[in-house]
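> So you can see what is in the structure, the chains are spelled out below.
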Amino acid sequence: GDSVTQMEGPVTLSEEAFLTINCTYTATGYPSLFWYVQYPGEGLQLLLKATKADDKGSNKGFEATYRKETTSFHLEKGSVQVSDSAVYFCALRRTNAGKSTFGDGTTLTVKP
Amino acid sequence: DVKVTQSSRYLVKRTGEKVFLECVQDMDHENMFWYRQDPGLGLRLIYFSYDVKMKEKGDIPEGYSVSREKKERFSLILESASTNQTSMYLCASRSSGGVPEAFFGQGTRLTVV
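Going down the list, the sequences are from chains A and B. Quick note: the first sequence uses my numbering, first residue 1, plus one each step. Quick note: the second sequence uses my numbering, first residue 1, plus one each step.
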């Protein structure tokens, strides 16, 4: 079946550091890939998405590129802020599939 | 502004009680989902529904049931609450068209004592 493997956390960085959170997936066909973010005390919200190979999703300074050859969708940000502290989930959904598959989440803490 | 609203942020119930968690969306989405979130286990799908009165079991349906009588409302029912159902419950909805993302509610933190 489909699966998503995320880099284990927690991740602690200083403000303005470079962030990478690794995500690899297993799925048949050509799934769409997503990063969701969960701020403390809230539900998940979409951060960015990509629907086909070599697509780059971007939002709020975060980026991720859909790499079919390595089945990866790593999340990056050049300079993190304290306000980026949250849990980040990588997810996939195959076209016409009813449900999405989520990774286990990676907790990011950014210290001033 | 699109919205998925869960009826309670925090809930404390006793073992053996019947518990209803309600979720309402205002986006006319066909698909609705219930997940539970536990430390170290990520999100686990309990049930989902792709249309009114339709439901599908997710990965961990045991001890739960659902009801979808209207398109905008999806209820999760714990028939007889147990302490191992203490968790964060998240509702989500999604359109069937295109490649849409899911929209999540703020979650209900349920404690069963």
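In short, the hints are calculated from the structure, not lab data. All C-beta atoms in this analysis are idealised placements derived from N, C-alpha and C, irrespective of residue type, glycine included. Check the hints yourself; a few may be wrong.
[Claimed, not checked] Calculated pairs, BS3-like style, for lysine-lysine (alpha carbon to alpha carbon, straight line, at most 25 Å): (1) B:Lys55 <-> B:Lys3; (2) B:Lys3 <-> B:Lys71; (3) A:Lys60 <-> B:Lys18; (4) A:Lys68 <-> B:Lys53; (5) A:Lys99 <-> B:Lys71; (6) B:Lys3 <-> A:Lys68; (7) B:Lys13 <-> A:Lys99.
[What the hints assert, rightly or not] One side of the interface only, derived from the structure: several residues of chain B facing chain A at Cβ under 10 Å: (8) Lys18; (9) Phe20; (10) Phe33; (11) Gly40; (12) Gly42; (13) Pro61; (14) Tyr64; (15) Ser95; (16) Glu101; (17) Phe104; (18) Gly105.
[Claimed, not checked] Here are some of the chain B residues that sit facing chain A, going by a computed Cβ distance under 10 Å: (19) Gln6; (20) Arg14; (21) Gly16; (22) Phe48; (23) Gly58.
> If a hint holds in the structure, say so; if it does not, say that too.
Hint check results:
Restraint check for lysine 55 (chain B) and lysine 3 (chain B): satisfied, since their Cα atoms lie roughly 22 Å apart, inside the 25 Å limit. Between lysine 3 (chain B) and lysine 71 (chain B), the direct Cα distance comes to roughly 14 Å. Compliance with the 25 Å bound is thereby established for this hinted pair. With a C-alpha separation of about 42 Å, the suggested pairing of lysine 60 (chain A) with lysine 18 (chain B) is violated against the 25 Å cut-off. About 38 Å separates the Cα atoms of lysine 68 (chain A) and lysine 53 (chain B), which puts this hinted pair outside 25 Å; it is violated.
For the hint pairing lysine 99 (chain A) with lysine 71 (chain B), the CA-to-CA distance comes to about 17 Å; that is within 25 Å, so the pair holds. Straight-line distance between C-alpha atoms of lysine 3 (chain B) and lysine 68 (chain A) comes to about 33 Å, which puts the hinted pair past the 25 Å bound. In summary, the hint linking lysine 13 (chain B) to lysine 99 (chain A) is not supported, as the alpha carbons are separated by about 29 Å, beyond the 25 Å threshold. Against a cut-off of 10 Å between C-beta atoms, the interface hint on lysine 18 (chain B) is violated, since the closest Cβ of chain A lies about 25 Å away.
About 19 Å separates the beta-carbon of phenylalanine 20 (chain B) from the nearest beta-carbon of chain A, more than 10 Å, and the hint is not met. For phenylalanine 33 (chain B), the interface hint holds, the least distance from its beta-carbon to any beta-carbon of chain A being 7 Å, beneath 10 Å. With its C-beta approaching chain A no nearer than about 7 Å, glycine 40 (chain B) sits inside the 10 Å limit, and its interface hint holds. Because the closest C-beta pair between glycine 42 (chain B) and chain A is about 4 Å apart, less than 10 Å, the hint holds.
The criterion of a C-beta within 10 Å of any C-beta in chain A is not met by proline 61 (chain B), whose closest approach is roughly 13 Å, and the hint is violated. Residue-level restraint check for tyrosine 64 (chain B) is violated (minimum Cβ-Cβ distance to chain A is 16 Å; threshold 10 Å). Checking serine 95 (chain B) against chain A by beta carbon gives a least distance of about 12 Å; that is not within 10 Å, so the hint is violated. With 10 Å as the threshold, the beta carbon of glutamate 101 (chain B) comes within range of chain A, its nearest partner Cβ sitting at about 4 Å, so the hint holds.
This hint holds: phenylalanine 104 (chain B) has a C-beta 4 Å from the nearest C-beta of chain A, less than the 10 Å allowed. Proximity of glycine 105 (chain B) to chain A holds as hinted, the smallest CB-CB distance being about 5 Å (cut-off 10 Å). This hint holds: glutamine 6 (chain B) has a C-beta 8 Å from the nearest C-beta of chain A, less than the 10 Å allowed. For arginine 14 (chain B), the interface hint is violated, the least distance from its beta-carbon to any beta-carbon of chain A being 25 Å, above 10 Å.
Below 10 Å, beta-carbon pairs count as interface contacts, and glycine 16 (chain B) has none with chain A, the closest being about 28 Å; its hint is therefore violated. Among the interface hints, the one on phenylalanine 48 (chain B) holds; its C-beta lies about 6 Å from the nearest C-beta in chain A, closer than the 10 Å criterion. The beta carbon of glycine 58 (chain B) is positioned within 10 Å of a beta carbon in chain A (closest approach about 7 Å), and the interface hint is therefore held.
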